[in-house]
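J.: Could you put the whole structure together from the sequences, leaning on the hints where they help?
Heads up: the protein sequence lines correspond to chains Y and A, in order. Under numbering that gives the first Met the number 0, the first residue of the first sequence carries the number 0, and numbering increases by one thereafter. Under numbering that gives the first Met the number 0, the first residue of the second sequence carries the number 0, and numbering increases by one thereafter.
Worth flagging that the hints you see were computed from the coordinates, not collected in a lab. Careful, some of the hints might be misleading.
The following label-pair restraints were derived from C-beta to C-beta distances [to be verified]: (1) 80(A) to 388(Y): 44 to 52 angstroms; (2) 208(Y) to 62(A): 37 to 45 angstroms; (3) 215(A) to 118(Y): 29 to 37 angstroms; (4) 371(Y) to 192(A): 48 to 56 angstroms; (5) 138(A) to 135(Y): 16 to 24 angstroms; (6) 20(A) to 355(Y): 46 to 54 angstroms; (7) 400(Y) to 66(A): 29 to 37 angstroms; (8) 96(A) to 319(Y): 38 to 46 angstroms; (9) 182(A) to 282(Y): 44 to 52 angstroms.
For every residue, glycine included, the Cβ atom is placed at its ideal position computed from N, Cα and C.
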Amino acid sequence: MIEARITEKLNILADAAKYDVSCASSGSKRKNENKGLGNASNGICHSYTEDGRCVSLLKILLTNHCIFDCAYCVSRKTNDIKRAAFTVQEVVDLTINFYRRNYIEGLFLSSGIFKDADYTMERLVRIAKKLRTEHNFNGYIHLKSIPGASDELTREAGLYADRLSVNLEMPTEAGLKLLAPDKNRQDMIDPMAFLNKEIIQRTEEKKLFKKAPMFAPAGQSTQVIIGATPENDNQILQTANYFYKNFNLKRVYYSGYVPVLADKRLPALNTSVPMVRENRLYQADWLLRNYGFKVDEIVNNQQPLLDLDIDPKLGWAIRNMQAFPVDINKADLQMILRVPGIGVQSAQKIVRARKFAKLNWDQLKKIGVAINRAKYFIICKSNEFERRDLTGTNIKQFILAESKSKYLKDVTTQLSIF
Amino acid sequence: MTRLVYDGTFEGLLTAVYEIYERKLTTVKLEKGEYNINGLFENLIQVTTNEVRAIRVLNGLKQKLSPIGIQRLYIAHLAGIENDDDTIVSFIRYAFDYNRNIEDDYGNKHVLRISKVVGMMRREKHRMEAFVRFQKLKDKTYYAAIQPDFNVLPLLIKHFKNRYADQKWIIYDIKREYGLYYDLHDAEFISLEFSSVKGANNVMAAFSEDEEIYQHLWKNYFNSVNIPARKNTKLHLRHIPKRYWKHLTEKI
Ligand code: SF4
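T.: Set out below in structure tokens:
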């Protein structure tokens, strides 16, 4: 009987939590020093859902009871669904037992708001505390900070959790007002600012005193839902960039809106999930964080939408043909990273290998460069390279003709007017 | 061409390198296994693994390569891919011949190949760190069976020992018929009787009472987190190739 009840709760509360797409369990450095259970460092995907997303954490809501009525959310109070709530002990047992079997890296706990923010937050914190102090659990814990919870509770959460997150939900304040009338943007920004200040201060302390406790070592992240409101990619990425810069966020997650509810403020129920667009946003985000691109180079007022048919790096390259061709044997790493078809690993290998001898096409290919894309943008130790004075548009056509894009069948150009 | 037959250990391979230099051999081919009588008329040397000689070669390598570079050779050898023993020997000879550290010379085909093989090993190691599924037995030991593409078990010790320090566990490679056992203090290699391996893997009687419950809960969880509207089978299969499914609780 008890088993059946837990199974039902798990089904309801995992189902309700799955629309939060963040799954990362990396970026922490919690070691197993107490001969306890687990550690948290690089993050492992233990499984993958049939839609290809990483399953790394036990991602559940403590409860899907909620006093709020956000239009895009299955748990909103006016939605007629089955409600459930875990006890503190149930969440602890599930986490420990899943972890011991190597199913998961840890726990990602979020919750609907029952009663009020503090009441909810207090329970989330209690679970994390119990795992850490009673079970010597050193695995990954990601807690959602409930907007409006007291600084005291948020601070306590930081002592037990590896990562904390407050979801912005909508890319702009106007979008939020429209779909989540109970929420206000400032209530989300306040805890982010508080956490940012706290993390900086604690990191300083930790530098001075090795024994100082860790505080949210994997930092904070946020999520924005895309496609539920009319913001364009420029607005979305500018927002992301602003939060990366000002709040030291570790990650911004983009969650393509899955139409689950009929509401005239929302896209119709049969609208497909904007998966290609979501993927392009992640690629753009990746360029910002790992390839040294500035946000304005990728999107701006003149260029507010990401191309759906080509990735943003190729997009940048064909708009900036004056920067090419790049000499693989001379150019610095930053420039090599900007060549379409060359990833971070290949770029690093190139820079190391060319110290021994100049590299030719064959070697570049073996190192892992996608020659069919890169060939329009580079020269190397060879007499054969692209000499035609091709325009960006030509190149795009050649590349598209050669590569069977995995998305080709669902590609449609983004509408400029929503 | 001279064929060198050695015992398949890394020490044996280093001893073979010693022989190559000692006898000033030029073109060589390494083979694992016993002396083969059919090779009577060929140039064939039986290498007897010799610790002193192996260490001499290793010390020589230490002058030429970084500790990581040497470890990579060990890992590449562990992979046990046919013909790659020759790649390792060529790599070592290239390292000795050159007056600077060559481990980043990816323009060289041997260096590049070693880096590929090490990459494959790393990937398999990561897969195992992800896909091991422990089942709790009556005596509270957590047991997992694996069938990795390559022999990565020795590379798993550190990860699992650090992570599961407070539970006893066994990870058993059924393909290569040996395993790792951690007894709360140390991890050691073991080999089980076939019947008991099968027993631990298949017979529910050996499970602890709550094992079935948690397997059931995990399967439920796995199904609940799927978003059918986003189904992408190709991506799914790229991440978890079918051959790994038989040991994944959520996929059985
Ligand atoms: S507050 Fe959270 S759980 Fe409640 S309706 Fe809004 S998004 Fe859903």
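J.: Please go over all the hints and tell whether each is borne out by the structure.
T.: Hint check:
1. 80(A) to 388(Y): 44 to 52 angstroms: 46 angstroms, holds
2. 208(Y) to 62(A): 37 to 45 angstroms: 42 angstroms, holds
3. 215(A) to 118(Y): 29 to 37 angstroms: 32 angstroms, holds
4. 371(Y) to 192(A): 48 to 56 angstroms: Check passed, 54 angstroms falls within 48 to 56 angstroms.
5. 138(A) to 135(Y): 16 to 24 angstroms: 21 angstroms, holds
6. 20(A) to 355(Y): 46 to 54 angstroms: 23 angstroms, violated
7. 400(Y) to 66(A): 29 to 37 angstroms: 48 angstroms, violated
8. 96(A) to 319(Y): 38 to 46 angstroms: Once the Cβ atoms are compared, 44 angstroms apart, the range 38 to 46 angstroms for residue 319(Y) and residue 96(A) holds.
9. 182(A) to 282(Y): 44 to 52 angstroms: 47 angstroms, holds
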